[in-house]
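Novice: Read top to bottom, the protein sequences are chains B and G.
Each residue of the first sequence is one higher than the one before, counting from 1 in the working numbering.
Each residue of the second sequence is one higher than the one before, counting from 258 in the working numbering.
Be aware that a few hints might be false.
As the list claims (entries may be wrong) - Only some residues are given here: those of chain B computed to face chain G with a beta carbon under 10 Å:
1) I77
2) N146
3) D169
4) E171
What the hints assert, rightly or not - Sample of chain B residues with no beta-carbon within 12 Å of chain G, all distances over it, derived:
5) V69
6) V126
7) G145
8) A172
9) A208
10) I236
11) R237
12) D247
Simulated from the structure, these hints should not be mistaken for lab results.
If you're wondering where the values come from, they're calculated on a predicted model, not measured in any experiment.
Backbone N, C-alpha and C fix where the C-beta goes; we use that ideal spot for every residue, glycine too.
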Amino acid sequence: MTLFRNLAAAAALLAMAAAPAAAQEKVRIGTEGAYPPFNELTSDGQLVGFDIDIAKALCEEMQVECEFVTQDWDGIIPALLAGKYDAIVASMSITEERKQQVDFTDRYYTSPVAFMAAKDSDITEVTPEALAGKSVGAQSSTISGNHLQDAYGESDVRLYPTQDEANADLEAGRLDAVLVDKFVGQEWIDSAGAECCTFVGEDITDTAVVGEGIGIALRQDDDELREKINAAITAIRENGTYKEINDKYFDFDVYGE
Amino acid sequence: MSGRETAGAAAEKPYVAATLIAPEPPPPSARRVSKARIAGTAMLLLWVAAAAGLLAFLAREWNPELLARYGPSLLSGLLVTVELVSLSVILGAALALPVAAGRLSANKLFGAAAYGYVYFFRGTPLLAQTFLIYYGAGQFREPLEAAGLWWFFRDAFNCAAFTFTLNTAAYQAEIYQGAIRGVARGQWEGGRALGLPRAIIFLKVIAPQALVTALRPLGNEVIFMIKGSAIASVVTVYDLMGETRLAFSRSFDFQVYLWAAALYLVLVEALRRVWDAAEVRLTRHLQRAQAAPKARKAAGKQMGA
Numbered sequence: 001m002t003l004f005r006n007l008a009a010a011a012a013l014l015a016m017a018a019a020p021a022a023a024q025e026k027v028r029i030g031t032e033g034a035y036p037p038f039n040e041l042t043s044d045g046q047l048v049g050f051d052i053d054i055a056k057a058l059c060e061e062m063q064v065e066c067e068f069v070t071q072d073w074d075g076i077i078p079a080l081l082a083g084k085y086d087a088i089v090a091s092m093s094i095t096e097e098r099k100q101q102v103d104f105t106d107r108y109y110t111s112p113v114a115f116m117a118a119k120d121s122d123i124t125e126v127t128p129e130a131l132a133g134k135s136v137g138a139q140s141s142t143i144s145g146n147h148l149q150d151a152y153g154e155s156d157v158r159l160y161p162t163q164d165e166a167n168a169d170l171e172a173g174r175l176d177a178v179l180v181d182k183f184v185g186q187e188w189i190d191s192a193g194a195e196c197c198t199f200v201g202e203d204i205t206d207t208a209v210v211g212e213g214i215g216i217a218l219r220q221d222d223d224e225l226r227e228k229i230n231a232a233i234t235a236i237r238e239n240g241t242y243k244e245i246n247d248k249y250f251d252f253d254v255y256g257e
Numbered sequence: 258m259s260g261r262e263t264a265g266a267a268a269e270k271p272y273v274a275a276t277l278i279a280p281e282p283p284p285p286s287a288r289r290v291s292k293a294r295i296a297g298t299a300m301l302l303l304w305v306a307a308a309a310g311l312l313a314f315l316a317r318e319w320n321p322e323l324l325a326r327y328g329p330s331l332l333s334g335l336l337v338t339v340e341l342v343s344l345s346v347i348l349g350a351a352l353a354l355p356v357a358a359g360r361l362s363a364n365k366l367f368g369a370a371a372y373g374y375v376y377f378f379r380g381t382p383l384l385a386q387t388f389l390i391y392y393g394a395g396q397f398r399e400p401l402e403a404a405g406l407w408w409f410f411r412d413a414f415n416c417a418a419f420t421f422t423l424n425t426a427a428y429q430a431e432i433y434q435g436a437i438r439g440v441a442r443g444q445w446e447g448g449r450a451l452g453l454p455r456a457i458i459f460l461k462v463i464a465p466q467a468l469v470t471a472l473r474p475l476g477n478e479v480i481f482m483i484k485g486s487a488i489a490s491v492v493t494v495y496d497l498m499g500e501t502r503l504a505f506s507r508s509f510d511f512q513v514y515l516w517a518a519a520l521y522l523v524l525v526e527a528l529r530r531v532w533d534a535a536e537v538r539l540t541r542h543l544q545r546a547q548a549a550p551k552a553r554k555a556a557g558k559q560m561g562a
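Generate the whole structure from the sequences, applying the supplied hints.
Specialist: Right under this line is the structure:
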């Protein structure tokens with residue numbers, strides 16, 4: 001019994017010691033790690049990309065310690081709600097559907113979506129009518145995937161766990177077109193997909209489809225963190241840190257109008 | 258003493274008791290409150306409470322809008338599961354027979370080939386096999402086109418069904434060869450003594466007895482395939498589980514998983530009943546006399562239909 005009491009006392013002491021450390025604030029950030037150039041895992045397991053650099057800059061601005069957690073895209077919101085991390089910095093579009101579950105900060109960039117197709121493809125128009133009967137793909141649970149499911153009922157819609165797999169099937173000729181975030185598609189077309197594919201048709205910029213830009217998702221009761229991050233986004237926009245990161249990846253301003 | 262005399266003596270003094278003890282029911286078992294009974298009842302109550310909790314959750318969270326939106330896609334997912342599993346289990350059975358024959362063969366070459374096949378498909382994950390065949394085929398488009406096979410491998414459902422067939426064939430081959438080995442050698446010898454050809458011995462004597470042994474493991478394999486078909490969603494074939502995940506990732510409503518669980522239960526329960534009926538039919542020669550008229554009636558009905 002004495003041993004038990006000693007242990008309990010030790011545990012209580014430890015808990016008290018840990019409390020101030022927690023108050024110093026450690027923000028855990030969830031990301032996907034499979035979405036170049038925004039977030040990806042290098043071959044030695046390091047997280048790199050625009051999202052990651054922005055998150056690090058924001059944490060520095062807020063003077064908090066940040067820890068990254070990778071999570072599959074399909075489960076990224078449920079894991080936030082379950083408290084596995086406190087914020088999602090993973091190129092998530094701010095949409096009405098998602099707002100019912102999570103809160104968003106202000107946007108930190110904007111991205112249209114666009115169709116990619118094989119270079120020798122006869123696709124010129126990308127309306128649902130023009131793509132009827134064709135096979136179109138996207139990553140599942142993304143704005144692209146949701147848009148295909150909602151508006152392209154006449155096409156054969158195929159949904160993939162990651163963007164890489166949709167790209168592989170476009171290259172293999174299983175898909176006639178892939179709907180993707182413009183910058184992510186651009187990165188692929190500039191590198192691995194250079195030989196096979198190109199963008200077709202007009203970009204889709206309708207906010208009903210692409211939402212109000214890309215934001216950081218938080219749990220709905222986390223107003224304090226949201227205010228802090230919003231202030232930090234404004235600060236890095238103003239002090240040039242944002243531009244520095246932007247120029248590392250793009251030759252134009254991804255923040256948008 | 259000669260044999261004839263013994264027989265005569267037995268007829269005079271039959272070894273049958275003149276009076277029989279009247280049959281009695283066994284004494285009533287002592288039903289007393291033991292620790293094990295209390296623990297068992299408590300645990301049972303826990304499960305009942307959990308089930309009641311789930312039902313209450315479903316009733317409270319019941320969302321007809323959600324059902325209208327995602328119900329049809331869940332049902333279409335169920336259909337994909339049923340199609341994929343029935344196709345691959347049937348084709349797999351057809352493929353499993355030559356493999357099982359190879360496993361039983363005395364020929365070293367056939368034996369090694371069948372063993373290698375089973376070894377590979379049981380030794381690697383179904384997920385890896387599905388990836389390998391689907392995206393592997395994508396890498397070899399030109400040679401496949403030249404061979405006139407691309408139309409087949411272009412379609413994701415075909416690739417999934419093909420992989421599942423190869424996979425289940427390996428497991429089924431092991432079930433069949435084990436069951437066939439389990440039939441006593443005397444059954445073969447008896448058939449040969451009657452001058453029956455090997456094929457007839459196999460079909461009429463060995464196979465019916467082997468099927469009794471194979472039936473339950475085969476049922477397990479089909480149930481594993483029903484659950485394993487969720488793997489097909491990595492290659493864009495959205496079965497029941499895939500559609501459920503998709504619905505959850507848009508609605509974030511946990512109850513879609515409960516609906517999926519209910520649909521899986523219905524599916525497995527239907528299968529269980531089919532298997533029970535098949536077992537009654539296959540073991541009708543082992544049933545006791547009282548049960549026989551019922552079985553005969555069931556058999557007669559099947560023949561009539």
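Novice: Indicate, hint by hint, whether the structure satisfies it.
Specialist: Each hint tested on the structure:
With 10 Å as the threshold, the beta carbon of B:I77 comes within range of chain G, its nearest partner Cβ sitting at about 6 Å, so the hint holds. Because the closest C-beta pair between B:N146 and chain G is about 7 Å apart, less than 10 Å, the hint holds. Interface restraint check for B:D169: the shortest CB-CB distance to chain G comes to about 6 Å, inside 10 Å, so the restraint holds. A hinted interface residue such as B:E171 counts as satisfied when its beta carbon comes closer than 10 Å to some beta carbon of chain G; here the least separation is about 7 Å, so the hint holds.
No beta-carbon of chain G comes within 12 Å of the beta-carbon of B:V69; the shortest separation is about 18 Å. Distance check for B:V126 against chain G: the nearest CB is about 20 Å away, which clears 12 Å, and the non-interface claim stands. At the 12 Å boundary, the C-beta of B:G145 falls inside the reach of chain G, the nearest C-beta of that chain being 9 Å off. With a cut of 12 Å on Cβ distances, B:A172 falls inside the contact zone with chain G, its closest approach being about 3 Å.
With 12 Å as the threshold on Cβ separation, the claim that B:A208 sits away from chain G holds: the shortest Cβ distance comes to roughly 16 Å. B:I236, annotated as away from the interface, keeps every beta carbon of chain G farther than 12 Å; the closest lies near 31 Å. For B:R237, the shortest C-beta to C-beta distance to chain G comes to about 31 Å, beyond the 12 Å cut-off, and the non-interface label holds. Consistency note on B:D247: stated as away from chain G, and its beta-carbon is indeed over 12 Å from all of that chain's, at 34 Å minimum.
When the structure is compared with the earlier hints, violations turn up for hints 7, 8 and for no others.
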